[in-house]
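Place chain D on chain Z using the hints.
First to last, the sequence lines map onto chains Z and D. Number 217 in this note's numbering belongs to position 217 of the first sequence; there are no gaps in the numbering. Number 249 in this note's numbering belongs to position 249 of the second sequence; there are no gaps in the numbering.
It is worth saying that the hints were derived from the structure and are not from the lab. Just so you know, even glycine gets a beta-carbon here, dropped at the ideal spot from N, CA and C. Don't take each hint at face value.
[Said to hold, decoys possible] As a list, the in silico EDC-like pairs of lysine to aspartate or glutamate whose alpha-carbon atoms are at most 20 Å apart:
(1) D:Lys180 <-> Z:Glu179
(2) Z:Lys349 <-> D:Glu107
(3) Z:Lys180 <-> D:Glu423
(4) D:Lys23 <-> Z:Asp390
(5) Z:Lys20 <-> D:Glu248
(6) Z:Lys327 <-> D:Glu248
(7) D:Lys20 <-> Z:Asp390
(8) D:Lys349 <-> Z:Glu248
(9) Z:Lys349 <-> D:Glu248
(10) Z:Lys180 <-> D:Glu179
(11) Z:Lys23 <-> D:Asp390
(12) Z:Lys180 <-> D:Glu420
(13) D:Lys349 <-> Z:Glu107
(14) D:Lys327 <-> Z:Glu248
(15) D:Lys180 <-> Z:Glu420
[Said to hold, decoys possible] Each pair of labels, with its calculated beta carbon distance range:
(16) D:Glu430 <-> Z:Glu423: 18 to 28 Å
(17) Z:Thr359 <-> D:Asp390: 41 to 51 Å
(18) D:Glu121 <-> Z:Thr359: 32 to 42 Å
(19) Z:Asp265 <-> D:Gly301: 41 to 51 Å
[Stated by the list, open to error] Partner residues aside, some chain Z positions facing chain D, computed with beta carbon under 10 Å:
(20) Pro151
(21) Ser163
(22) Val315
(23) Pro351
(24) Ile388
(25) Met415
(26) Pro437
(27) Glu440
Protein chains: 2
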Amino acid sequence: MDMEELFNPESIAIVGASAKPGKIGYSIMRNLVEYGYEGSIYPINIKGGEMTIKDRKFKVYKSVLDVPGKIDMAVVAVPAAHVPQVVDECGRKGVKVLPIISSGFGELGEEGKRIEQQLVEKARGYGMRVIGPNIFGVVYTPSKLNATFGPTDIIPGKLAFISQSGALGIALMGWTILEKIGLSALVSIGNKSDVDDADLLDYLEKDKNTEAILIYMEGIKDGRKFMQSAKRVSRKKPIVVIKAGRSERGARAVASHTGSLAGADRIYTAAFEQTGVLRAFSISEAFDWGRALSNLPEPQGDNVVIITNGGGVGVMATDACEEEGLKLYDNLEELKVFANYMPPFGSYKNPVDLTGMATAAEYEGALKTALAHPEMHAVVVLCCQTAILDAKDLADVLINAYTESGRKKPLVVAMVGGTEFREAINVLNENGIPTYPEPERAIGSIAALYRWHNWKTKEQVWRRP
Amino acid sequence: MDMEELFNPESIAIVGASAKPGKIGYSIMRNLVEYGYEGSIYPINIKGGEMTIKDRKFKVYKSVLDVPGKIDMAVVAVPAAHVPQVVDECGRKGVKVLPIISSGFGELGEEGKRIEQQLVEKARGYGMRVIGPNIFGVVYTPSKLNATFGPTDIIPGKLAFISQSGALGIALMGWTILEKIGLSALVSIGNKSDVDDADLLDYLEKDKNTEAILIYMEGIKDGRKFMQSAKRVSRKKPIVVIKAGRSERGARAVASHTGSLAGADRIYTAAFEQTGVLRAFSISEAFDWGRALSNLPEPQGDNVVIITNGGGVGVMATDACEEEGLKLYDNLEELKVFANYMPPFGSYKNPVDLTGMATAAEYEGALKTALAHPEMHAVVVLCCQTAILDAKDLADVLINAYTESGRKKPLVVAMVGGTEFREAINVLNENGIPTYPEPERAIGSIAALYRWHNWKTKEQVWRRP
Numbered sequence: 001m002d003m004e005e006l007f008n009p010e011s012i013a014i015v016g017a018s019a020k021p022g023k024i025g026y027s028i029m030r031n032l033v034e035y036g037y038e039g040s041i042y043p044i045n046i047k048g049g050e051m052t053i054k055d056r057k058f059k060v061y062k063s064v065l066d067v068p069g070k071i072d073m074a075v076v077a078v079p080a081a082h083v084p085q086v087v088d089e090c091g092r093k094g095v096k097v098l099p100i101i102s103s104g105f106g107e108l109g110e111e112g113k114r115i116e117q118q119l120v121e122k123a124r125g126y127g128m129r130v131i132g133p134n135i136f137g138v139v140y141t142p143s144k145l146n147a148t149f150g151p152t153d154i155i156p157g158k159l160a161f162i163s164q165s166g167a168l169g170i171a172l173m174g175w176t177i178l179e180k181i182g183l184s185a186l187v188s189i190g191n192k193s194d195v196d197d198a199d200l201l202d203y204l205e206k207d208k209n210t211e212a213i214l215i216y217m218e219g220i221k222d223g224r225k226f227m228q229s230a231k232r233v234s235r236k237k238p239i240v241v242i243k244a245g246r247s248e249r250g251a252r253a254v255a256s257h258t259g260s261l262a263g264a265d266r267i268y269t270a271a272f273e274q275t276g277v278l279r280a281f282s283i284s285e286a287f288d289w290g291r292a293l294s295n296l297p298e299p300q301g302d303n304v305v306i307i308t309n310g311g312g313v314g315v316m317a318t319d320a321c322e323e324e325g326l327k328l329y330d331n332l333e334e335l336k337v338f339a340n341y342m343p344p345f346g347s348y349k350n351p352v353d354l355t356g357m358a359t360a361a362e363y364e365g366a367l368k369t370a371l372a373h374p375e376m377h378a379v380v381v382l383c384c385q386t387a388i389l390d391a392k393d394l395a396d397v398l399i400n401a402y403t404e405s406g407r408k409k410p411l412v413v414a415m416v417g418g419t420e421f422r423e424a425i426n427v428l429n430e431n432g433i434p435t436y437p438e439p440e441r442a443i444g445s446i447a448a449l450y451r452w453h454n455w456k457t458k459e460q461v462w463r464r465p
Numbered sequence: 001m002d003m004e005e006l007f008n009p010e011s012i013a014i015v016g017a018s019a020k021p022g023k024i025g026y027s028i029m030r031n032l033v034e035y036g037y038e039g040s041i042y043p044i045n046i047k048g049g050e051m052t053i054k055d056r057k058f059k060v061y062k063s064v065l066d067v068p069g070k071i072d073m074a075v076v077a078v079p080a081a082h083v084p085q086v087v088d089e090c091g092r093k094g095v096k097v098l099p100i101i102s103s104g105f106g107e108l109g110e111e112g113k114r115i116e117q118q119l120v121e122k123a124r125g126y127g128m129r130v131i132g133p134n135i136f137g138v139v140y141t142p143s144k145l146n147a148t149f150g151p152t153d154i155i156p157g158k159l160a161f162i163s164q165s166g167a168l169g170i171a172l173m174g175w176t177i178l179e180k181i182g183l184s185a186l187v188s189i190g191n192k193s194d195v196d197d198a199d200l201l202d203y204l205e206k207d208k209n210t211e212a213i214l215i216y217m218e219g220i221k222d223g224r225k226f227m228q229s230a231k232r233v234s235r236k237k238p239i240v241v242i243k244a245g246r247s248e249r250g251a252r253a254v255a256s257h258t259g260s261l262a263g264a265d266r267i268y269t270a271a272f273e274q275t276g277v278l279r280a281f282s283i284s285e286a287f288d289w290g291r292a293l294s295n296l297p298e299p300q301g302d303n304v305v306i307i308t309n310g311g312g313v314g315v316m317a318t319d320a321c322e323e324e325g326l327k328l329y330d331n332l333e334e335l336k337v338f339a340n341y342m343p344p345f346g347s348y349k350n351p352v353d354l355t356g357m358a359t360a361a362e363y364e365g366a367l368k369t370a371l372a373h374p375e376m377h378a379v380v381v382l383c384c385q386t387a388i389l390d391a392k393d394l395a396d397v398l399i400n401a402y403t404e405s406g407r408k409k410p411l412v413v414a415m416v417g418g419t420e421f422r423e424a425i426n427v428l429n430e431n432g433i434p435t436y437p438e439p440e441r442a443i444g445s446i447a448a449l450y451r452w453h454n455w456k457t458k459e460q461v462w463r464r465p
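Pulled out of the complex, with its shape left as it was, chain Z reads as follows:
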């Protein structure tokens, strides 16, 4: 069954729509309107009448059955007790996908699970797919769709994010905005009564707007199904997973939180390794990797070159490279070319140290050289804030040099410093160059790219170092 209507619906009904700020049914309406969704929007509320959302007037229907046109997606935000009737009406209306925001089902225990299963069976009988229940909605930036009650201004990009946790997922929507992480899709799957991780992987595999997939996962119900999908999709697009409940006590906490069985963690570890899934151990690590994986091309070889203006960060990056199993290019004859961009006391050994005298011009020369050199396959640019290096200039020359080169090699940047540097980091990230505030995070991210690339090309299990 296809899920095209989850990402590209031509019309959406909000069941439980409200004009009252603070209500979930209001936030979803507001996000749909503000984010610029161009299809038809039908607010549904038993009270009927009209409502005005952000200066746009809507007729309110008492039931989806009263809507004159077709409805592709119905977002359900009514109390749990009313959900069964809504599912029935949506089915009769011919709705295709049903994100159920409402909570109060499987997460409460056995009785809730039973009701939840009945809803799914009813929906399936009508040919509908259910997302959730117990979710915060769905975003698909290419169709300007933000049908969530989270923040509005999701940044368009090429990373798809799937979250089992509602609270964390909605908090992470804010995180992606703050950190300038561009998303193609964001799907909250909550109790996974019907649509699960594997279904979404199958869709996203073919989605031309998605280059990498990040999943926050607490547990999987159908392990075999997930592994089949993950293994196939990983060959085309990298998958990053944060799987909470690694520890024994953490696994017990998962069980009490979602009611899903966290399972022995080593089974997950083995499954991820076999299917090429990259397992991150924290939120920032997952998004660091997702940022690199969704923006960068695959490397055409193992030789990494580090360009720096500070010996200290160069050493830190070297440590991280060795720990991550990355290979630093060390053909001194070829590296000599970098001597053109440094004073006599610089070092063209890799890490290439342009010294604290480097301005944007020296970085530009060195980066262009590395991007053009056939034996240099990936580039790491590091810089420490100095009095003579203008952060904005540096961001500009890096963006221009990388774009002019056709963005054919992986490039990551780390900029260590204060406010101006943090602003430059944002500019670089907004322009698709993965940039971090410290060397280890840049190296960790390009290492994730290599890890996936090596799994994919050599089908070998590359364990987390």
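Leaving out everything else, chain D in the frame of chain Z:
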């Protein structure tokens, strides 16, 4: 020999002072004036005359020998070739400490090392201590002293930071401002020709304004001296070290960068473990720990309580606790008290899940309970951004509850979300509550406190997990 004059000089000469923005000799003058140093400032420049810095007029002396009053500290920022003469004049003037900003000495090789050693011998002959050369200066916030050419607005606090690397150190000055990390002192020690890490540890051990010490280190010359000092100081104040050059290739890069021998890394590891020094593996980790160690009291027992509004982050924190060897309190009878601050579907098992329904009021009740309970020894507060939780309100109640309790137990906070949450993180940090944007960093930081505490009280080696 005492180094009181490095931190509390009554008068400072800037040799190589300049009124021209962009010059190092200008930046140091500007920082001294802007940061509010209240002692005498004497600009020294061969040209003589007068100079105006930020509306303040100074008579410029051609030599320190021409200055009428005494000079405690002379900051030397003239080309390397002129340094020997300056050292001589400073000695004759009776200067006590001599931070030599100038580069072009030991970092260039054997000949440079020889000249450097001669300078030190000459200075010692006069009873002067040399800091550097090849440094960016010194900050001591209690005496409003910022004698660096880095950023001005260093935030006062209780963490002392010692940096061997100039470029990285100056970039990290900006980092501390951005991340709201309060410093007592910041000393750039560069080539360590005279004053080294151990000398500064000895001073900072007794400094009542310093609660924790962070060192960025590339190599140590006198290992025995460092170990003696570190072991003694660690019993009173925690020491965090970032020691670059962990890997074989990193160690070689250090040698080419500073000319100092990085040494076999396992020797450093053993030395740190034996002396209670906490070794961090990245900049953010070091400052995360430094933030907690400089602000928090020691725990009076092992029982950690986690209070959260999201199951997902609770599980992530639980994983991190188990990996870090922290003990989650699990006396269910006592934990039941938290049921007062949650809806019926919340969970008072540790992690205590107030659920997504929690407002600042529920957090306040739960935190006060934990802070008052005799069996709960350390508290971790986690929260995910939700529609009903006001970040500013939350920050206010946490600060008030913690202050009212007398700040007798360690408390760390993690707030996951967007812009408003990031602002609340800053507010909490400005108020001395170590707060982070994700659970793992909060747990890692309180774990560093426990690691130090356990080393100190049990003298046991607690290895990095």
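- Task: Could you check the hint for me, namely that Z:Asp265 and D:Gly301 are 41 to 51 Å apart, CB to CB?
- Result: Violated, at about 29 Å.
Would you mind confirming whether the straight-line C-alpha gap from D:Lys20 to Z:Asp390 stays at or under 20 Å?
Distance of about 18 Å is within 20 Å: holds.
- Holds or violated: Z:Pro437 as interface residue toward chain D, Cβ cutoff 10 Å? With a closest approach of 7 Å, the Z:Pro437 hint holds.
* Asked: Would the pair Z:Lys349 and D:Glu248 pass a check requiring their Cα atoms to be no farther apart than 20 Å?
  -> 15 Å, holds
* Hint validity - Z:Met415 Cβ closer than 10 Å to any chain D Cβ -> 9 Å, holds
- 20 Å limit on alpha-carbon distance, applied to hinted pair D:Lys327 and Z:Glu248: Within the cut-off at roughly 13 Å; holds.
Checklist entry - Would the stated hint for Z:Ser163 survive a check requiring a Cβ distance to chain D of less than 10 Å? => result With a minimum Cβ separation of about 8 Å from chain D (threshold 10 Å), the hint on Z:Ser163 holds.
Notebook entry, point to check: Does the alpha-carbon distance linking Z:Lys327 and D:Glu248 stay inside the 20 Å limit?
Noted result: Distance ~13 Å between Z:Lys327 and D:Glu248 Cα, so the pair holds.
Between the beta carbons of D:Glu121 and Z:Thr359, is the distance compatible with 32 to 42 Å?
38 Å, holds
With 10 Å as the cut and Cβ atoms as the points, is Z:Ile388 at the interface with chain D?
Given a least distance of 8 Å, the restraint on Z:Ile388 holds.
Item to check | 20 Å Cα cutoff - pair Z:Lys23, D:Asp390 | outcome: 15 Å, holds
*asked:* Holds or violated: the hint that Z:Pro151 contacts chain D, with Cβ atoms closer than 10 Å.
replied: For Z:Pro151, the interface hint holds, since the closest Cβ of chain D sits about 6 Å away, which is under 10 Å.
Checked against the numbered hints above, the structure breaks hints 5, 19 and satisfies the rest.
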